[in-house]
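Asker: Residue numbers (our numbering), protein chains in the order written: chain A, 1 to 432; chain X, 1 to 259.
Quick caveat, the hints were computed from the structure, so don't treat them as lab data.
Keep in mind that a hint or two might mislead.
Unchecked claim - Covered stretches of chain A, as calculated for chain X (at least 3 residues, CB under 8 Å):
id, region
1, 185-194
2, 256-270
As the list claims (entries may be wrong) - Some chain A residues flagged as far from chain X (calculated, every beta-carbon gap over 10 Å):
id, residue
3, L134
4, F174
5, R298
As the list claims (entries may be wrong) - Pulled a few chain X residues facing chain A out of the computed Cβ check, cut under 7 Å:
id, residue
6, L56
7, Y82
8, P84
9, F93
10, P94
C-beta: ideal position from N, C-alpha, C; glycine also.
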Amino acid sequence: MIDADSTHLWMHFWAIATAATVSAGCALVGSFLVVRRLTLLGDAISHAVLPGIVLAVLAGGRPGGAGVFLGAVVAGLVTVWLTNLLGTHAGLAEDAGAGVAFTTLFAIGVVLVSALAARVDIDPGCVLYGILELVPFDTVPILGLEVPRALLAAATVLVVLVIGAVVCWKELVFTAFDPAAARAAGLPVGVISAGLLVATSLATVASFEAVGAILVVAMLAVPAAAAELLVRRFQVMLVVAVGLGVAGSILGYLAAWRFNTNAAGMIAVVLGIEYVVAALVAPGDGIVARVVSRESLRWRVACEDRLASLWRAEEGDAAALAPRTLLGRLAQARLVFWGRIGRGSAGGLTDIGREEARVIVRSHRLWEAWLGRHVALPLDHLHPPAEWIEHHLGAEVRGRIAADLEGHEGDPHGRDIPSEEFPRRAADEPAR
Amino acid sequence: MTMSTTSAGLEFHDVTVAYGRRPVLWNVDLTVPGACLFGIIGPNGAGKSTLLKAALGLVPLAGGEVRILGAPLEQVRGRVGYVPQRESVDWDFPVTVTDVVLMGTYARLGWLRRPGPRERSLAAECLDRVGLADVADRQIGRLSGGQQQRVFLARALAQEADVYFLDEPMAGVDARSQERIFRVLAELRAEGRLVVIVHHDLRSAGDWFDAVALIDMRLVATGPVAEVLTPENLRRTYAGRLDLLDEIGRAVAEGGRTP
Numbered sequence: 001m002i003d004a005d006s007t008h009l010w011m012h013f014w015a016i017a018t019a020a021t022v023s024a025g026c027a028l029v030g031s032f033l034v035v036r037r038l039t040l041l042g043d044a045i046s047h048a049v050l051p052g053i054v055l056a057v058l059a060g061g062r063p064g065g066a067g068v069f070l071g072a073v074v075a076g077l078v079t080v081w082l083t084n085l086l087g088t089h090a091g092l093a094e095d096a097g098a099g100v101a102f103t104t105l106f107a108i109g110v111v112l113v114s115a116l117a118a119r120v121d122i123d124p125g126c127v128l129y130g131i132l133e134l135v136p137f138d139t140v141p142i143l144g145l146e147v148p149r150a151l152l153a154a155a156t157v158l159v160v161l162v163i164g165a166v167v168c169w170k171e172l173v174f175t176a177f178d179p180a181a182a183r184a185a186g187l188p189v190g191v192i193s194a195g196l197l198v199a200t201s202l203a204t205v206a207s208f209e210a211v212g213a214i215l216v217v218a219m220l221a222v223p224a225a226a227a228e229l230l231v232r233r234f235q236v237m238l239v240v241a242v243g244l245g246v247a248g249s250i251l252g253y254l255a256a257w258r259f260n261t262n263a264a265g266m267i268a269v270v271l272g273i274e275y276v277v278a279a280l281v282a283p284g285d286g287i288v289a290r291v292v293s294r295e296s297l298r299w300r301v302a303c304e305d306r307l308a309s310l311w312r313a314e315e316g317d318a319a320a321l322a323p324r325t326l327l328g329r330l331a332q333a334r335l336v337f338w339g340r341i342g343r344g345s346a347g348g349l350t351d352i353g354r355e356e357a358r359v360i361v362r363s364h365r366l367w368e369a370w371l372g373r374h375v376a377l378p379l380d381h382l383h384p385p386a387e388w389i390e391h392h393l394g395a396e397v398r399g400r401i402a403a404d405l406e407g408h409e410g411d412p413h414g415r416d417i418p419s420e421e422f423p424r425r426a427a428d429e430p431a432r
Numbered sequence: 001m002t003m004s005t006t007s008a009g010l011e012f013h014d015v016t017v018a019y020g021r022r023p024v025l026w027n028v029d030l031t032v033p034g035a036c037l038f039g040i041i042g043p044n045g046a047g048k049s050t051l052l053k054a055a056l057g058l059v060p061l062a063g064g065e066v067r068i069l070g071a072p073l074e075q076v077r078g079r080v081g082y083v084p085q086r087e088s089v090d091w092d093f094p095v096t097v098t099d100v101v102l103m104g105t106y107a108r109l110g111w112l113r114r115p116g117p118r119e120r121s122l123a124a125e126c127l128d129r130v131g132l133a134d135v136a137d138r139q140i141g142r143l144s145g146g147q148q149q150r151v152f153l154a155r156a157l158a159q160e161a162d163v164y165f166l167d168e169p170m171a172g173v174d175a176r177s178q179e180r181i182f183r184v185l186a187e188l189r190a191e192g193r194l195v196v197i198v199h200h201d202l203r204s205a206g207d208w209f210d211a212v213a214l215i216d217m218r219l220v221a222t223g224p225v226a227e228v229l230t231p232e233n234l235r236r237t238y239a240g241r242l243d244l245l246d247e248i249g250r251a252v253a254e255g256g257r258t259p
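Okay, chain A solo, but in the shape it has when bound (with noise of 0.2 Å):
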């Protein structure tokens, strides 16, 4: 239900502007915890603020202002220092530490948001899942437009935090890669770090009002995952993880107009989405390119083996029957269609393809004689590893292993082991 209404329009502007700056934030922030591994720790410190920010307002801080971003900055250290603190002296190990630390303080602040609800202004069901919807509602007049606070603070927390990067760039890099040697180098690797932390308290206090606690974690660690996913350079990965951010929070508010329901669960969910089509189509380590590159094999060894098994009936080894599986049967077709085996039913290799067989065969039979001269294997043991390895020999190995064997002509079967090189006369061929 699209309401034309331009007031109506507006609202929901302000509302995807703030759902948008909030995960541009977020994703900023989250791509440095994901390549040091510490998204959990992201998790924690987005629970653990709640009782900062319930503190802050009990002490007369304003929704949104200075006193309960303050509040919130120190509750996320103090879950760090905590979850430290338990590592150290109690043993645990740091993720169990994490997971009591942020729990205990999160079931904190909810107790104190409950119990004080009469005096403080927080819903605990906001808490949870924010009030994006609302946003628009509680406005500041800036250049005489009336800008919803929550954007203001979120637009805020922004500037800072791409501030902070661009000005300790290399610092941040460095000591994620590799802290041991960045501090041996002399870099300032515990303020760095604990600067990571403050900027993961600040982003997640900004996005609290606008998504919400649990809600917050999808902004901090799905768009910076899936960007990992997808480029192999970090500078890259920043700016796809915060494009992915920004997408996600527009169509999932979109889709959440449509479909009349929760702005942030939506937006949470199309960014679980994004993640699930970057691993889909990843390069190199995705799932398409992997079953591409899986299904490309079988293809060309089906091919490899035509090839060699018309070769060897040609030899007059035994007659090449017809293909016989589905695979096989399109093999021989695109062979054809290509020109390596000539058309109608009596069709043997081309000289192309005769080519092509022949340096297959090499490659089988050479492979079958370095086994029989290195490793200890039975002789009828040879030909299946040879049948594997014959289709990823290429030239310069085979060079190299027909070196090797100088001297030993033929295969362990007996027969001989074709030329490199088209052959001419035997005396001709290369050593190499």
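Got chain A; can you put chain X on it based on the hints?
Answerer: Just chain X now, kept in the frame of chain A:
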């Protein structure tokens, strides 16, 4: 830059290192001369890496003092290069080989300044020196173990230091990389620099190092290879595990008393 000949390259004065309250390295008193390849050798858990980290200020000293080039570490940080163990970092980190080598120039650049043409050409030179010029733009996760180790060495070279500390640079490294690494280290020595290497393989120690220290929770012996790697010293280092130090260490950690 060459080192002053009046002071030793590296001195440990009665250095004790403890993790928590438990001492893992006891009263090491060791002087390493300048401009040589110096091996720190000992069994697993002997505290070799800990000794290196103590020199670099990466672990706090429970007692004693370290001097590098005759001065406390803080005064000579910029002249010290470090090659950590290869497994100490996450090689899936999204950076290229050149990015990592450039990190060697970061401390010298200071805040806000980015690596410029001078740093880039220095990085290319260092990569060439370790034989990795052709993989300069590759993501580090796609290198072999030996190549990764050489990337670390190139990063240390980019620091243009006078004293180098290397932690197990030959561990899990192919023969070709080992040879290349060793050749570069020998060049550094020829240029008048000190190279201190933690090493686990006794057999190759004699071929590589000018002098060594045998360590097993305490300094067993130090000096030229031929004098130190004697059957008696090796027995004391490898076979004669001092259960005594272990036992006392545990008692110190627990605040109790040994039986």
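Asker: Does each hint fit the structure? Answer for all of them.
Answerer: Structure-based check of all given hints:
As drawn, the region 185-194 of chain A meets chain X at 3 residues by the rule of a beta-carbon pair under 8 Å; at three or more, the given contact holds. Residue count for the region 256-270 of chain A with a Cβ under 8 Å from a Cβ of chain X: 0. That is fewer than the three needed, and the coverage hint is violated. For A:L134, the requirement that its beta carbon stay farther than 10 Å from each beta carbon of chain X is met, with the minimum near 38 Å. Not every CB of chain X lies more than 10 Å from the CB of A:F174, the least distance being 5 Å, so the non-interface label is violated.
In this structure A:R298 is separated from chain X by more than 10 Å, as the shortest Cβ-Cβ distance comes to about 24 Å. Residue-level restraint check for X:L56 holds (minimum Cβ-Cβ distance to chain A is 5 Å; threshold 7 Å). Annotation: X:Y82 was flagged as interfacial toward chain A, and the flag holds, the nearest CB pair being 4 Å apart, inside 7 Å. Hint status for X:P84 relative to chain A: holds, with the closest Cβ pair at about 5 Å, below 7 Å.
With 7 Å as the threshold, the beta carbon of X:F93 comes within range of chain A, its nearest partner Cβ sitting at about 5 Å, so the hint holds. Annotation: X:P94 was flagged as interfacial toward chain A, and the flag holds, the nearest CB pair being 5 Å apart, inside 7 Å.
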